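> Chain by chain, the residues run as shown.
There are 6 protein chains.
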Amino acid sequence: MRILVVNPNTTASMTATIAESASRAAHSSTEIIPVTSAMGPVSIEGYYDEAFAVPGLLAEIAKGEKAGVDAAIIACFDDTGLDAARVLADIPVIGICEAALATTAFIAQRFTVVTTMERSRLPLEHLVYRYGMAGRCKVRAADIPVLSLEDPASNAGERLRAEISIALQEDRAEAIILGCAGMADLTAELRAEFGVPVVDGVAAAVKQAEALVALGLSTAKRGAYASPVSKPYSGLLEAFAPDTLRAS
Amino acid sequence: MRILVVNPNTTASMTATIAESASRAAHSSTEIIPVTSAMGPVSIEGYYDEAFAVPGLLAEIAKGEKAGVDAAIIACFDDTGLDAARVLADIPVIGICEAALATTAFIAQRFTVVTTMERSRLPLEHLVYRYGMAGRCKVRAADIPVLSLEDPASNAGERLRAEISIALQEDRAEAIILGCAGMADLTAELRAEFGVPVVDGVAAAVKQAEALVALGLSTAKRGAYASPVSKPYSGLLEAFAPDTLRAS
Amino acid sequence: MRILVVNPNTTASMTATIAESASRAAHSSTEIIPVTSAMGPVSIEGYYDEAFAVPGLLAEIAKGEKAGVDAAIIACFDDTGLDAARVLADIPVIGICEAALATTAFIAQRFTVVTTMERSRLPLEHLVYRYGMAGRCKVRAADIPVLSLEDPASNAGERLRAEISIALQEDRAEAIILGCAGMADLTAELRAEFGVPVVDGVAAAVKQAEALVALGLSTAKRGAYASPVSKPYSGLLEAFAPDTLRAS
Amino acid sequence: MRILVVNPNTTASMTATIAESASRAAHSSTEIIPVTSAMGPVSIEGYYDEAFAVPGLLAEIAKGEKAGVDAAIIACFDDTGLDAARVLADIPVIGICEAALATTAFIAQRFTVVTTMERSRLPLEHLVYRYGMAGRCKVRAADIPVLSLEDPASNAGERLRAEISIALQEDRAEAIILGCAGMADLTAELRAEFGVPVVDGVAAAVKQAEALVALGLSTAKRGAYASPVSKPYSGLLEAFAPDTLRAS
Amino acid sequence: MRILVVNPNTTASMTATIAESASRAAHSSTEIIPVTSAMGPVSIEGYYDEAFAVPGLLAEIAKGEKAGVDAAIIACFDDTGLDAARVLADIPVIGICEAALATTAFIAQRFTVVTTMERSRLPLEHLVYRYGMAGRCKVRAADIPVLSLEDPASNAGERLRAEISIALQEDRAEAIILGCAGMADLTAELRAEFGVPVVDGVAAAVKQAEALVALGLSTAKRGAYASPVSKPYSGLLEAFAPDTLRAS
Amino acid sequence: MRILVVNPNTTASMTATIAESASRAAHSSTEIIPVTSAMGPVSIEGYYDEAFAVPGLLAEIAKGEKAGVDAAIIACFDDTGLDAARVLADIPVIGICEAALATTAFIAQRFTVVTTMERSRLPLEHLVYRYGMAGRCKVRAADIPVLSLEDPASNAGERLRAEISIALQEDRAEAIILGCAGMADLTAELRAEFGVPVVDGVAAAVKQAEALVALGLSTAKRGAYASPVSKPYSGLLEAFAPDTLRAS
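Chains A, B, C, D, E and F, in that order, are what the protein sequence lines are.
Start counting the first sequence at 26; every next residue gets the next number (the numbering used here).
Start counting the second sequence at 26; every next residue gets the next number (the numbering used here).
Start counting the third sequence at 26; every next residue gets the next number (the numbering used here).
Start counting the fourth sequence at 26; every next residue gets the next number (the numbering used here).
Start counting the fifth sequence at 26; every next residue gets the next number (the numbering used here).
Start counting the sixth sequence at 26; every next residue gets the next number (the numbering used here).
The reader is advised that the hints may include incorrect statements.
Intra- or inter-copy, both count: the list cannot distinguish identical chains.
[Unchecked claim] Mimicking DMTMM-like on lysine to aspartate or glutamate, the simulated pairs with C-alpha atoms at most 20 Å apart in a straight line are:
1) 256 / 143
2) 91 / 176
3) 256 / 168
4) 88 / 214
Keep in mind the hints are simulated off the structure, nothing from the lab.
Please read all numbers here as calculations on a predicted model, not as lab measurements.
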């Protein structure tokens with residue numbers, strides 16, 4: 026089984042963190058294929074960056090599908106472009122936010138996502154609602170830039186821990202979800218430190234992707250996820266017209 | 026007062042329909058500035074097209090704001106790229122779906138959106154939920170391609186009318202919302218024909234934009250709509266990095 | 026265009042404050058016609074006063090409609106008698122609470138209504154729910170009598186400001202709605218002071234009324250808003266029987 | 026124990042039907058005191074009539090409380106003026122809609138209210154939501170005028186039965202609630218006919234009133250139900266100022 | 026009228042407390058028949074104990090029904106086994122949580138349940154949701170073991186009072202519900218002490234049971250509460266097969 | 026990895042069907058350990074049977090945990106005793122309903138559960154709500170006894186197919202979930218027949234159990250799932266006291 030893991034921002038060092046977490050979670054018979062988006066923002070912080078991360082992401086998924094991968098993972102916690110990807114691809118596509126929420130729901134009744142910046146809080150709350158977890162999952166922001174997670178000199182880790190402590194006390198959280206792909210490498214130490222389940226979306230998504238492939242399940246192509254309608258695209262984005270992208 | 030009306034697909038004839046509806050709704054002292062997106066799909070039918078309509082749309086909004094327009098309208102019923110546009114712009118930005126729903130809510134307790142294709146139904150239902158109207162507004166699809174609305178030889182009008190009849194009978198709808206910018210020119214005749222309020226989102230959005238400008242209100246720049254974070258974008262989309270786009 | 030603005034309490038000085046805000050918001054071609062209810066309570070503080078403000082309010086709306094106004098506004102933040110008014114009138118009728126919420130929803134994701142007395146908080150929370158904003162709008166009370174807003178010697182302004190500060194910090198509010206028609210004159214200074222959008226329902230309602238009239242839309246007369254059934258009323262309220270009131 | 030049962034419309038023959046149902050339900054040691062409102066509409070059909078039924082209703086409740094009754098019931102299925110009555114009175118006040126819903130919820134998981142006119146359906150749906158039953162209770166209208174229930178020559182009974190049949194088949198209803206005080210005398214025969222529990226709100230309210238009195242419970246006078254604020258009322262409604270009404 | 030009150034734990038001293046509250050609430054013509062479950066846990070603290078309290082509880086209800094009681098009450102605040110009991114019995118069955126919530130909803134808009142242990146909080150929140158009260162009722166835990174309520178040397182009363190104080194201040198609670206059958210004897214003194222309605226579920230359930238019996242209403246035997254399907258049970262629980270239990 | 030799969034009814038032939046589906050889904054390195062409950066009902070059809078399936082189920086989970094299994098699956102679609110099992114066990118415990126819903130949510134926006142008997146529909150709807158899927162998942166019953174699935178002479182398959190057809194047409198279902206463990210063997214043929222994803226909860230639960238074990242995650246032991254409180258149980262169920270059961 027081969028699983029494509031797309032980092033939809035263009036920062037290769039973050040892809041490395043993601044790839045490590047994905048590989049650790051994968052079964053020994055699963056091959057993880059990490060890729061970094063070739064265009065767009067260096068990090069995804071809020072709605073604006075998210076919009077421009079989608080074309081590069083979809084290009085990688087189209088390329089991966091043509092190369093024969095069995096499933097694709099979108100490794101950004103706002104599940105960037107997930108709906109469009111499911112329209113495009115015939116293989117299953119998993120977002121790390123939805124995978125983290127679904128996985129945590131099997132082991133805890135109440136839990137909290139701790140993300141990076143305040144501006145990402147509301148979009149994540151919308152996802153939490155959409156995935157049916159609004160009654161049991163809160164979202165908190167540690168108020169740290171995404172790339173500060175890569176900077177050992179920053180106080181990002183400290184602020185993240187402070188927010189986790191608040192979540193455990195004030196939210197009645199029984200488990201913590203790390204709300205950014207770039208936090209994946211902190212999972213083990215935070216579990217040890219806080220003594221509660223700490224869930225990384227990248228690892229969770231790998232297991233969900235393996236599950237779907239093993240079960241022979243893929244996106245239902247009825248309704249909103251039916252394959253894209255053939256039509257011309259123009260200008261800078263001409264190459265992304267559905268037929269063109271899939272043929273390229 | 027000058028209001029930019031962006032058609033986020035690349036079909037100029039549809040922009041003409043939109044512009045006519047916008048101008049009819051505008052106060053005589055308001056100038057409507059219609060533009061067609063310079064890149065992307067010829068029509069927006071579902072999640073995939075929507076994703077690729079966003080860059081062209083945001084480019085037009087940035088351009089309009091620099092040229093001094095007072096407000097911007099996104100003239101596609103799935104409110105394409107609305108959140109990203111609100112992050113980008115300091116002027117108010119209005120989607121035609123949200124404008125239609127908010128306006129209709131003042132005159133009816135229950136109403137139905139009739140849109141084009143089945144694949145757009147679920148995304149619109151998500152918008153209806155997000156705008157707080159899930160308890161009183163249903164979504165129906167007439168199962169017609171967007172561009173067939175421009176084709177006098179198609180049976181699009183007939184299917185639209187059939188779906189409106191069903192909505193009035195089965196949904197207890199007291200008013201009808203036309204769920205596609207390309208239907209704007211049918212408003213008056215459908216009102217006459219069915220004897221109920223029929224709401225066109227383009228016209229509604231013009232009045233909401235005029236209202237916000239007159240009231241001196243614009244997007245609150247706290248939380249999810251704070252201005253975009255400065256950062257490099259790369260590849261094909263390099264020119265869309267927030268600072269670059271606004272400086273261009 | 027002529028818009029009737031009814032103050033449903035009997036305090037003429039508050040009507041003056043309302044009229045000033047309405048006129049400031051109105052287009053230069055719109056005539057604002059302010060009236061004070063001829064019967065009922067001097068201020069509306071909770072469910073009991075609200076019940077007795079309705080007859081006087083409806084009498085003014087019937088009179089205004091007969092005199093040819095194009096729309097009516099109910100200028101009390103609990104949207105007193107709005108449903109009954111929509112049954113009675115053929116012209117559009119707008120409540121200032123619903124107008125404020127609908128308008129603010131175009132510029133902010135989360136916002137807070139600050140009202141006067143604690144006893145009005147729950148009725149406003151019910152309105153917020155009914156208008157579909159429960160997930161994004163909180164209600165707070167500054168614990169000040171309505172008429173203290175008219176008294177320069179009271180500390181009403183101070184308490185209002187204190188509650189706004191709390192809303193901005195604790196509710197993640199991005200904008201503030203003034204939850205009493207009598208606060209309309211404070212809008213500009215509070216905007217300047219807090220640096221966030223501050224919305225006055227009277228002004229918002231004027232723009233929504235102008236919008237509906239311009240769009241040729243009025244209350245759908247199907248279902249709950251169908252015209253009242255002809256029937257005799259007796260005793261003190263005899264003159265309010267639907268046919269009698271409209272004929273008077 | 027003495028329980029006041031107010032018919033908030035002015036039709037005495039309907040009060041007789043209500044009184045009979047109340048007496049049948051009451052414990053032998055309970056005295057039922059039926060009264061007909063002295064002013065307002067002859068029947069309550071929708072929002073407009075409801076607004077004008079409130080003053081007469083509240084006058085009767087004030088009079089009854091002064092005369093020493095232990096509890097009051099509002100015998101109209103739209104729970105006319107219930108919130109205002111709870112502000113006014115220190116004794117418990119019960120609406121027949123809320124009593125019917127609460128009682129039925131102990132014996133069925135899903136049930137349907139069958140009311141009279143289509144225009145009452147939406148107001149009842151709002152009550153069903155407010156009382157927390159939206160997920161399990163539907164509302165249907167038999168499309169019959171309220172007073173036709175008193176007319177043996179009308180086909181009201183037939184239409185009511187037809188709507189009950191539909192509710193049992195299409196709504197998965199396990200029990201039926203009669204959605205108008207004027208239907209109370211049909212309870213026994215409809216139970217026999219359809220073989221499911223049929224609940225009359227008047228009878229249910231009597232038992233709930235008896236329960237509250239026996240338990241020594243009455244309306245909590247904090248928040249929205251705190252006693253009305255002393256203030257002058259003017260014009261036709263002068264006598265309804267809280268202090269005046271209670272002193273009269 | 027004879028009402029069975031089953032204490033589903035095996036602690037007879039708690040049954041005595043329950044019986045006293047039930048008798049105080051019952052009409053003089055009602056006979057209260059208190060029973061203690063013959064098998065299972067000495068107290069019910071969370072999901073595990075609850076599961077093992079059900080067989081003993083159902084055995085008592087079957088026995089009571091055969092002996093001709095008119096209704097049954099399950100006197101544990103998690104409404105242990107209520108659904109199964111309604112399937113089994115033809116007489117009405119009432120849980121004390123649902124009775125307390127329904128009763129309090131007639132006298133307060135917002136209220137708080139104060140229960141014993143933190144582990145019971147979430148199950149009670151699920152009940153509050155299921156009974157339609159999630160928008161107006163909070164749940165708090167005083168963090169006291171159930172049986173400490175019986176121990177005069179414990180500080181259970183003190184902790185309970187502390188939590189009630191917090192509920193009145195922070196939850197805007199207008200009334201308090203005692204969230205454990207073992208608290209029934211504190212009702213009167215807590216009412217006096219806090220000056221707000223304090224509701225005991227045992228007493229409330231007695232009145233609701235009396236109401237249903239007087240109204241001639243019992244569980245609707247359609248859908249989920251249809252009588253159990255005849256089938257063999259095996260092993261330790263053989264005697265609980267529906268036919269066997271009812272025949273025993 | 027060793028996964029215990031408990032059939033909580035006592036019908037061994039159904040355990041065989043379940044075991045086959047579980048083994049087919051399991052990774053080649055996973056050992057499936059199927060067990061049949063030693064006590065209780067031969068099939069679980071509604072609330073009553075469910076209550077008596079719990080003790081036998083928990084006994085098997087306790088036994089399995091002591092024998093060192095890594096995770097446990099409850100193979101009945103009403104997720105019998107799941108909360109109690111999570112309190113009892115330190116290993117992860119998965120219900121087949123929750124696993125099916127969570128898995129399907131990755132591949133479809135709208136889907137329908139088709140279960141056996143009408144009386145199971147409402148309990149499943151409650152689960153669907155609790156798992157956050159109420160907005161996108163409907164429940165239908167084919168009106169077939171559970172054990173008829175084992176009987177080749179019954180028309181169970183035919184009725185199941187008829188209900189699936191209705192779900193695809195009327196519910197806008199994009200995928201189907203088989204709402205009974207005994208349907209697991211039909212998955213492949215129904216997929217082929219209807220051309221949409223068909224999900225069997227047993228297989229889905231195996232993958233979710235494998236995922237949790239691989240990720241090193243188990244039930245959070247805070248709040249409602251904290252380990253059971255030590256206390257004596259008496260009578261027939263004495264051996265199920267938490268300490269006794271785990272020590273046995």
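> Taking the hints in turn, state whether each one holds.
Verification of the supplied hints:
1. Taking the closest pair of Cα atoms, residue 256 and residue 143 come within 20 Å of each other only across two copies (17 Å); inside a single copy the shortest separation is 39 Å, beyond that limit.
2. Proximity of residue 91 to residue 176 under the C-alpha cut-off of 20 Å is found in neither arrangement, the shortest distances being 36 Å within a copy and 36 Å between copies.
3. In this homomeric assembly, residue 256 and residue 168 come within 20 Å of each other (Cα to Cα) only across copies, at 17 Å, whereas the closest approach inside a single copy is 42 Å.
4. Taking the shortest Cα distances, residue 88 and residue 214 never come within 20 Å of each other, neither inside one copy (35 Å) nor across copies (32 Å).
When each numbered hint is compared with the structure, violations occur for hints 2 and 4.
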